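S.K.: Protein chains in written order, with our numbering: chain A, 2 to 269; chain B, 2 to 269.
Watch out, some of these pointers could steer you wrong.
Just so you know, same-sequence chains aren't split out, so a pair can sit in one copy or run between any two.
[What the hints assert, rightly or not] Simulated crosslink set (BS3-like; lysine-lysine; CA at most 25 Å straight-line): (1) Lys167 / Lys110; (2) Lys224 / Lys167; (3) Lys110 / Lys224; (4) Lys247 / Lys202; (5) Lys95 / Lys202.
Simulated from the structure, these hints should not be mistaken for laboratory data.
None of the values given here were measured: they were computed from a predicted structure.
2 protein chains.
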Amino acid sequence: MEEHPRAWIISVGNELLIGRTINTNAAWLGSRLTLLGFEVERVVTVPDRVEDIAEEVGRALGRARVVITTGGLGPTYDDVTLQGVAMALGRGLKLHPGALEMVRRFYSKRGLGLTEDRVKMAMLPDGAEPLENPVGAAPGAVVEARGSLVASLPGVPSEMEAMFEKALRPLLEEIAPPGAVVECGIAVVGVPESSLAPYIKEASRVSPRVYVKSHPQGSEIGKPLVRVRVLARASTLEEARAEALKALEKVRRGVEELGGSISEEDSC
Amino acid sequence: MEEHPRAWIISVGNELLIGRTINTNAAWLGSRLTLLGFEVERVVTVPDRVEDIAEEVGRALGRARVVITTGGLGPTYDDVTLQGVAMALGRGLKLHPGALEMVRRFYSKRGLGLTEDRVKMAMLPDGAEPLENPVGAAPGAVVEARGSLVASLPGVPSEMEAMFEKALRPLLEEIAPPGAVVECGIAVVGVPESSLAPYIKEASRVSPRVYVKSHPQGSEIGKPLVRVRVLARASTLEEARAEALKALEKVRRGVEELGGSISEEDSC
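Can you build the whole structure from these sequences, using the hints too?
M.R.: Below, the structure written as structure tokens:
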């Protein structure tokens, strides 16, 4: 597959590591970033520890065009994501007047004042700008450094999604590569994945801009169900669709030759 | 929290990065590893590329006592996890007679023979031993190197879970630390997370063996719902329970003082 600007997602939170929470945020972001034309290269989940966050953000800097962190922006003692980002950037945290105004407004509308724990949410890495939180109290933050756009979003899914759509998407669209991405696929029944393997390989060679992947979901033998997904990138939507269909055609031929059938189609 | 042997989970698969599949395997494994007494330090999702897999397995070696990879063991062209593990170990892949016998048996029971793509599933890193797959065709692999136990499990959840329980758990129990881990919590209504923050901090100071975390799930203001979870480790189950309850007691007191109430309890 051609080189596309890379994106890293860094998910912060012990609850993810101990399996209390399933990381749906990473999948949601991965899908949006892919359709915007970025190549998601890593999702890294780290504990709520400054050094661990700094280590992974530091690895991503200069390597990924976009680095998105989720979680750890709230008012409690272990919300330390922006400390970790600041450490990776070699900068300090600074009270941002615009962010403080966002926090102040959020609480004053509800008849509450500022407390130490609430003011903490307006401490951003030096040089970062706040991202408005349309749903909750904690602003996000975005900063450009060493060729990477580093954006920090909340961990609560409704807040993360709203901030991504309203505040971050416009910034990403400016740096997203031109062109189009499509993803589609078929579900194949009656053929073991291992028998389909040579056809999938052939399909993947249709173009370097096409990525073909099989997902076995039934049993390998007995009642095999294999979903074959194709992701194609091209300069126009029509071209991307055409390449995806060309690749799927190779798989269809295999299904036919092997006596299987197609139970579902998901058009490009 | 006290130092416990660390575990890393390395999830292999483009479908996870592009958000087509939600990484439920990592949560499932994270929960089991935590209850076995390991501290899950990273979950890293990587593409189906040998170099990327090798990079992350290489980082984990010597740092994590246990490294578990999921996915990429199947018969298709992009199932390259064991190549990545071998590269990280500085070893080659080798046809393992025991693994080949597992694959041969799986297919012959179903009246099928071996093909090149099927034999590929028995190519393990030099020195690794196969892990039986009670559900599917591809064996797993386990190898001890540089102080780390590296285990590779399939990506299909039913296969991953069965292999973990039957083949890997006994090996992990041998190296797991003695002692017990409990996790429990309460759901608090009527108090914003930012007001509860000082009490949560106080609870987290009850013992270095206790970890307290709040998860806001309602809105910060209006109808706040905050789940507070406590994870406690100790040498016996009774001690772990006692420490968890002591920490929760601090939070309960805060809820009372702030005029909130507890809507759910999940006993230790």
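S.K.: Which holds for Lys95 with Lys202 at a C-alpha limit of 25 Å: within a copy, between copies, both or neither?
M.R.: between (52 Å within a copy, 22 Å between copies)
S.K.: Pop the pair Lys224 and Lys167 into one bin, within, between, both or neither, using alpha-carbon distances up to 25 Å.
M.R.: Answer is between; shortest inter-copy Cα gap is 24 Å, intra-copy 45 Å.
S.K.: Please work out whether the CA atoms of Lys110 and Lys224 approach to 25 Å or closer within one copy, between two copies, in both situations, or in neither?
M.R.: Between copies, since 15 Å is at most 25 Å while 58 Å is not.
S.K.: My question is about Lys167 and Lys110: at a cut-off of 25 Å on alpha-carbon distance, are they close within one copy, between copies, both, or neither?
M.R.: within (21 Å within a copy, 56 Å between copies)
S.K.: Could you place Lys247 and Lys202 in one of the four classes (within, between, both, neither) given a Cα distance threshold of 25 Å?
M.R.: within (13 Å within a copy, 58 Å between copies)
Against the hints set out earlier in the document, no violation occurs for any number.
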